[in-house]
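Add chain B to chain A, keeping to what the hints say.
Letter by letter, the chains look like this.
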Amino acid sequence: MTNVTLLNGYLVVGAILFALGLIGFMVRRNLIIMFLCAEMMLQGVALNLVAFSRYHGNMQGQIFTLFIITVAACEAGLALALVLTLYRDRHSLDVSLWQDNREPGEPATVDEEPLPAAPPPPDFPQLTPAGHEPTRPQEAGHV
Amino acid sequence: MIAAPGILFGLAAGEAVWPWIVPTFLGFVGIYTLLPRPRGGLPILGGAAVGIALVWAAALLIRAGAFDAETFLFLAFSANAVIAAVGLVTLKNPVRGALSFALVILSTCGLFLLQGAPFLTAATTIVYAGAIIVTFVFVIMLAKQQGGSDADARAREPFLGSVTGFFLLAALLYVLPITGPSLADNDDPLSPVRWGVSEYSLIRGATVGRRPELPAENVAYLGRSLFSDYLPAVEMAGTLLLVATIGTILIAARRKEARR
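Chains as they are written, first to last, in the numbering used here: chain A, 1 to 143; chain B, 1 to 260.
Heads up, some of the hints might be wrong.
As the list claims (entries may be wrong) - Reference listing, derived: stretches of chain A covered by chain B, where coverage requires no fewer than 3 residues with Cβ under 8 Å from a Cβ of chain B:
| # | stretch |
| --- | --- |
| 1 | 45–56 |
| 2 | 66–73 |
| 3 | 101–113 |
| 4 | 123–133 |
To be verified - Label pairs and their calculated CB-CB ranges:
| # | chain 1 | residue 1 | chain 2 | residue 2 | range |
| --- | --- | --- | --- | --- | --- |
| 5 | B | L45 | A | S96 | 19 to 29 Å |
| 6 | B | A122 | A | L82 | 21 to 31 Å |
| 7 | B | A69 | A | P125 | 53 to 63 Å |
| 8 | A | E106 | B | R254 | 49 to 59 Å |
| 9 | B | I21 | A | A117 | 39 to 49 Å |
| 10 | B | I21 | A | P125 | 55 to 65 Å |
| 11 | B | P38 | A | E103 | 19 to 29 Å |
| 12 | B | A69 | A | E106 | 45 to 55 Å |
| 13 | A | Q138 | B | N93 | 49 to 59 Å |
Rather than coming from a laboratory, the hints here were simulated on the basis of the structure. Beta carbons: idealized from backbone N, C-alpha and C, even for Gly.
Just chain B, same shape as in the assembly:
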């Protein structure tokens, strides 16, 4: 029944998903106001719109279940991630935008940790916040531009861009509770045939009808699964890294004989 997944999304049986349209529209107004313009604008209005949208969305989500520690941590990390994401998209100063993106990464790592993926938390922090963002902050420093510049202070088609993004978001939020998972799914979590992988990728220790918990030995499970079910993909990932390194050196190196 279509209404049944709606219950899991914080709505009563039969209630439509239209309440999500209001925070989405508020978010659109906020983002459109906050996008950089040459003459500046009223960032307080945009910030207030985004803030109200976030609080509304949190209220819609909390209504569903009990407010326990996991829910509170989820809401804290999610709010941090979304606010920092708004910062990346709207800040004029690119260094502040890059640091805002570092905050997005750290909040997303917190969400990974809440879902039982400690290795991914560490890997994402090291690779994204530690390597990619630092490299690009260095690039911004080397490519410095005095004062305000066209690249930072202007936005290209802010209205159409915001409409596109929030139209997509509204469509996703509308479809999510209708086609979302229900408790009837996942009746046999340990069947390898169902998932198309060997038993190395599934979690042992579960009973039928009860969703298995992810084990503490996360790295062992990842290793066992990577090097049995996904071995060709691992080898190809290594080859991809090698090819990308060669390509980067080839493209970025100055070659004196090329300038003739």
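Next comes chain A alone, as it looks inside the complex:
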């Protein structure tokens, strides 16, 4: 009896990971984070498959998960190559810089709120370089 209850528990966790990965992929603008969210969707699916493999008592789910890992590795290599190519062009990982590729009827994503100003660089004390005699003011009663 506990076996099936936990099966549903594993399916719920798989669904949660998939939904969170979906949200992250759609919402985030950093190319690397978008890719990692896609990988998290794959992990949710893998969890489902392994749960069913345990439930049914055969190896099919685990074998399919092995193939998912293989495909994920290939996808990671190709995604890395594409991200590097895009970065070399605009020197930014922001996917909104490429929004000219959107469909013709879609409105553009315009950033209206400005980012908060970066904190000013901290005020470091100026030290004299080693080996130089620091200039001293001339004494008033120098003879």
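Below, chain B alone, put in the same frame as chain A:
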């Protein structure tokens, strides 16, 4: 009967699956609050909403069966995985997000281990946490951007994105107990005709009416099944890896004569 699988999901006979709507809605509120914004927000509220949703979901799951060691480990790994997943989706700093994803992988590997898949635990840890995440942390380091940037501090349509994701999750959680498996399934676990594979992929040593346990010689069973039932798929996976390697080198290499 529709209510019968509901029993297995922690609900009494005839009770609806509506109790799952509340933690899902709380999770939506939490994620929407935690998504990165330029002006910041109140992350405490979002964190509290997600925490309450998790505790509620755990309470709904525990109600079903006894609280033994397996249930406790399942809840611990699952909570860790979900919290780290929220971290990946909502953290502004991409390196922290990548490390949060490493925590998701390790928690999922723990869940694999609980379900009798030690080889998959090792393989997933090595490939995902060891290769993919390390590679992408290196890429983040090489593509560093000073201070806050558009790519990290902004989210694109956070409300619609969160609604879409949690609508999907609510639909899945609603359908799961209604169409979920019941004990009447799986009456003959050893019939190859039922599963469409040869007997190499099925587990020996089971009796009819009792679900077979996965054996300790997990790797032997995987090997036996991979190289008999799924041999064409293995060969194609090898070819796919080769093609992907060639494609990666071709796309990522700088070619001087291409820039003219």
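Here is what the structure says about each hint:
| no. | hint | result |
| --- | --- | --- |
| 1 | 45–56 | holds (count 8) |
| 2 | 66–73 | holds (count 7) |
| 3 | 101–113 | holds (count 3) |
| 4 | 123–133 | violated (count 0) |
| 5 | L45(B) <-> S96(A): 19 to 29 Å | holds, 27 Å |
| 6 | A122(B) <-> L82(A): 21 to 31 Å | holds, 29 Å |
| 7 | A69(B) <-> P125(A): 53 to 63 Å | holds, 59 Å |
| 8 | E106(A) <-> R254(B): 49 to 59 Å | violated, 33 Å |
| 9 | I21(B) <-> A117(A): 39 to 49 Å | holds, 42 Å |
| 10 | I21(B) <-> P125(A): 55 to 65 Å | holds, 60 Å |
| 11 | P38(B) <-> E103(A): 19 to 29 Å | holds, 26 Å |
| 12 | A69(B) <-> E106(A): 45 to 55 Å | holds, 52 Å |
| 13 | Q138(A) <-> N93(B): 49 to 59 Å | holds, 53 Å |
Checked against the numbered hints given earlier, the structure breaks hints 4, 8 and satisfies all the rest.
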